[in-house]
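Just need the whole structure built from these sequences, with the hints factored in.
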Amino acid sequence: GNAYQWLQAALAKLCQPFEGKQSILVSLGAACIFLFVILMPRLLFSGQSFMHLVPSFGSQQAWYILVVAAIMKLVFLQVCLQTGWIGGDIFPVVFSAILIGFAVAQFFPTIDSLFVVAIFATSLTTQILGTILVPGIFVGLFFPI
1 GNAYQWLQAA LAKLCQPFEG KQSILVSLGA ACIFLFVILM PRLLFSGQSF
51 MHLVPSFGSQ QAWYILVVAA IMKLVFLQVC LQTGWIGGDI FPVVFSAILI
101 GFAVAQFFPT IDSLFVVAIF ATSLTTQILG TILVPGIFVG LFFPI
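Heads up, the sequence shown is in this note's numbering, so the first residue is 1 and it goes up one at a time.
Possibly wrong hints are sitting among the right ones.
Distance ranges between label pairs, derived from CB positions [claimed, not checked]: (1) 107 with 140: 21 to 27 Å; (2) 107 with 132: 21 to 27 Å; (3) 114 with 22: 39 to 45 Å; (4) 71 with 132: 48 to 54 Å.
Quick caveat, the hints were computed from the structure, so don't treat them as lab data.
Just so it is clear, CB atoms sit at the ideal spot from N, CA and C, and this is done for glycine as well.
Listed below in structure tokens is the structure:
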């Protein structure tokens, strides 16, 4: 949560010199989006189009791959938001938290991985978004009882 807030502040500070120059910001954002399309196409969307694959993806990938994917998704989100590409942050944050939850679950093989993911995703999403209501609803929808 604190690292995400630091990232948010750092990118805002980087974009500050271009504050009145919307066309430059949008062009920089477009260039970053293009790089993400080329390098990590699955992270391009909010996460809802890839969410049904996450349980199998999360159990087959190494924990560090999941963490890097989650961090890059959060970086991509902030780059888009700071450069004027409008969108919401709920789906990308929940998606990243679930990926990190699957990474953490690999360290606890004797505990049900979906339980670990649900707890970790709810905690991390609550910390990042600053509210329990939205993360609770979203994680409840992704991990029904």
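Worksheet item: Against which earlier hints does the structure fall short, listed by number upward?
Response: 4
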